[in-house]
Amino acid sequence: MALRSVRHYPGFLAVTVLCLVVLYAPLVVVTAYSFNDSPSITTWGGLSLRWYVDVFTGPEAPRFRAAAWNSLSIAFLAATIATGIATAAALAMLRAGKFKGRSLTFALINLPLMVPEIVIAVATLIFFTMIGFTTGYLTILIAHITFCIPFAYLPIAARLQGIDGSYEAAARDLYATRAQSFFLVLLPLMAPGVVSGYLLAFIISLDDFIITNFVKGAGMETLPTAIFGSVKQGIKPNIMAISTLMLAVSILFVTLSYFINRKGR
Amino acid sequence: MAGVGSDSGASAETTYRSARVPLLLPTWLMIGVFLVLPVALMAVYSFLTKEMRGGVIWDFSLAAYDQFFVHRGLFGDEPPTLEWTYISVFGRSIIQAAIATVLCLLIGFPTAWFIATRPPETRGVWLFLVTVPYWVNLLIRTVSLRFLIRENGPLNDALMGAGVISEPLALINTDFAVQLGLFYSYLPFMVLPIYAAVERYNFTWSEAAADLYATRWVTLREIVLPIVRPGIVAGCLLVFIPSLGAFLAPNLLGGAKNFMIGSLIEEQFKKSLGNWPFGAAVSMILMSLVLILLMIYARSAARQEAR
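Going down the list, the sequences are from chains A and D. Heads up: the first sequence begins at 1 in this note's numbering, then just goes up one per residue. Heads up: the second sequence begins at 1001 in this note's numbering, then just goes up one per residue.
Here chain D stands alone, though its shape is the one from the complex (with noise of 0.2 Å):
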């Protein structure tokens, strides 16, 4: 906005121009050195030789992703087949990443439009209530799930108590658990983008449908998802991509069976029984993964924009 006139009004957009650089250089220093050179250094890593004692030897390698990949037998004579055991990790960590992304935007979507039709002066209050567990303490809410959940807890305690069930849930340690906590643990991220892309959905588009006889439902699907779609996109993406790294759900509510990538990564740092090499060499397919999706929803987002 051109304020006292566009002439000084568009000399303080530039009012920095000059310390442009040592304003960015302790940025571009601390991400530099301590974010892009490490994942570099990662990428090196999961080239080389891995060192019994935990470590690596500086010799190049493509045994970690051989490892990752390749299957030879329990004595690495057999003829190579494609060695299932970490994909199946990949697999499994894909599918409950999957499982908490619908189930946050089951409940995620109506609980965004609820509040989002609220009036203003109550709205702030149930976006407050909302964020209220985003500031707490993500292993202090998964121990309190943990707590809730497990077999002589408080949850089946109190099912049995009001006769719903004569045998305690077994919910710990199952899959379930680790759907339950990824949810629990990254429902905001869902609620807060569709929420801001329903506030600025434009109601007479429902009210049009509405006279021309479309049922609510109707009108839901096939006017209003369409347009708070990119809301719905970005909400996805935001519970996926940390559910498919997470620890601590599966480490904490999940029993050994349900094994998630965040696990397979820990296991390599641990200090003797580890293989960093391998260890970096799956963080690389996770990022690359995750990189991969995230620029798929730019190129989709940027043609959105186009349109």
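Looking at chain A on its own, in the form it has when it is part of the complex (with noise of 0.2 Å):
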């Protein structure tokens, strides 16, 4: 009894629902906006599909077709290029031992954390045209690669640090080289630590907009910057049909994420 009360908060219940309100309730209202039938935002027209279809087939359908696989392939690409370097950075940084340089590294590792996400946009751009780089697609993916790094090292480390070493020591045992004892036993093993760097680095790509904003370059388009590019002038149906799509898709994610690491447990 003692236990529970001293645990127990009046109030602190319905602040973390007023919490929950404030974070959902855009959401919901946005998703049920989506499927209104009229064209004007402020006036319920009844339900229907009809901005789904607009998304698909009206007249912004090519702009937001080329925009979805831009951003798509991007933080599939990035994400898959983060995952990579993250995973190798954290076998060095907790399977080889203490080294010169290691606290460095680590800094090195959490820069994009650090800086300010506006300064890494100008910075980037700086750079890009004063190398002579065009902006554009390229531009923006290796600017995703470099801030999703420590997205995906922070979960695969973190994963990396609770296998015990023994499971390696008992492969070596068996006469297993270090790539078959990395593949067949330390991989498994760190499965779902980077699935869920994986996760995470595609999230925080199909996220950007601020550096995607400042790297991109005339006439390219990630789904972000078109979306910000048509709310400027006003919240449409559309918009909010298409929001409710990456909605999904996020909550898709977060949902896989989630069972991942219960089950990794």
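Do not take every clue at face value.
To be verified - In silico lysine-lysine, DSS-like type, Cα no more than 25 Å apart, as pairs:
1. D:K1270 with A:K100
2. A:K216 with D:K1270
3. D:K1270 with D:K1257
4. A:K216 with A:K232
Bear in mind the hints are in silico, worked out from the structure with no lab data behind them. For clarity, every value in this text was computed on a predicted model and none was experimentally measured.
Mind assembling these two chains? They're in different frames, but the hints should get you there.
As structure tokens, this is what we get:
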């Protein structure tokens, strides 16, 4: 009884509920209005899927399709490459003993988290302009890989840290080569961390607006920059349909990640 | 842990010693070439002369910092005084970010506490509910909030329908809308570190305090808060820093009056109107502020550990 009461503070449940209401209300409202049949966003005209049809076949469909393709392919490539780089880095940081420059490397990995996003955006734009790189798909991809590295690294390193060295030692005692013991023993054990890191990097890449906006160059759009461009002229119902679709993708990803982590434990 | 014997356990920790350089090379190259080098170049750019159509001329100049700090009158012939235009943009951004941080703390602490004191089976579900919004695109969340609180939006409709208010609330394009937007953007960053700290908190301390007739709130203030302080400080930093340089919330929720650092920087890089050295200088000042904050944090964390 005493144990329960020291944990209990009156009103904390109410604040938690308030917190969740604030977090979810805008998303719920936009989802609801994306099914609105009316061309005006202020009046309710009954349920309909017309704005979803509009997203795929309407006058803006080609623009959104191109933007979606850019966003998804960049997120896929950036997450894949960043996860590879981060996995290698985690092995070196946690399975290669102590070495000079280890804490410097750790700071380097976390640097994209410490420098404000808008500063990264400015610096990257200046860099690409100076070396005469045409801004476009490739510059976005390079920038995304760079800032995705720490997001991929953190779950992977956390997982690797919890894996006892005896598994690899056992594999080596049984004459496994280092490559064999990595691919057959360590990597499967690391898998939940690697998948979490991959999913996080993918979402972070898909999410990015500010850096992409700086380094995308003219005529190149990802979903966030295309949506931002549309919203500046007012929120239209088709934007709400796209938003709801992206919301669904995010929720799918976070659910996947949640279950993978639970299974990993 | 030494599983098979301390000898083999120790050697597994050094399995990749010989491959260390090739394993780390991609990280060094990517972050070194595409982040450290660009930031260094940005520092150089802030000391160059601006080119009228965007870009720079390679002549050393303090003009960008001079423009930021020094006022010389409209024609540049008055005695130099401190220029307030840009300092006040920084001041306003700091205040906005600070209010958002306090809002996040006021809501985030009870939420984190509540979640951490649930039984283990339901804890994961609550945590899941708080983290889902973090995974949702920030732009979409900000646009959704703008849609919800705009003048003839669903929030005002609902409140007027319920008879709570007779005139629509003018929420959009106000300071409060920006604070709400920042709060909404970064709240999970406050909840998660505090949750981690409360989860580690040993509740027998609270029981001891209760046995000595301390009330709940006295216990919270005198015992709990000092112990979970590292989590609170981490949460505050994780909210304050991105809020300071935020672009979307002030841009989509605040009006022209609620200009923050992010918009000031962005404006300098718009095609022909911009001033690249000035934009670089403002970025340098913002980054220095953030790094100073992080250094103070790292020092106090190290001191706490030493104790």
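Find the hints from earlier in the document that the structure breaks and name them by number, from lowest to highest.
Number 1 only.
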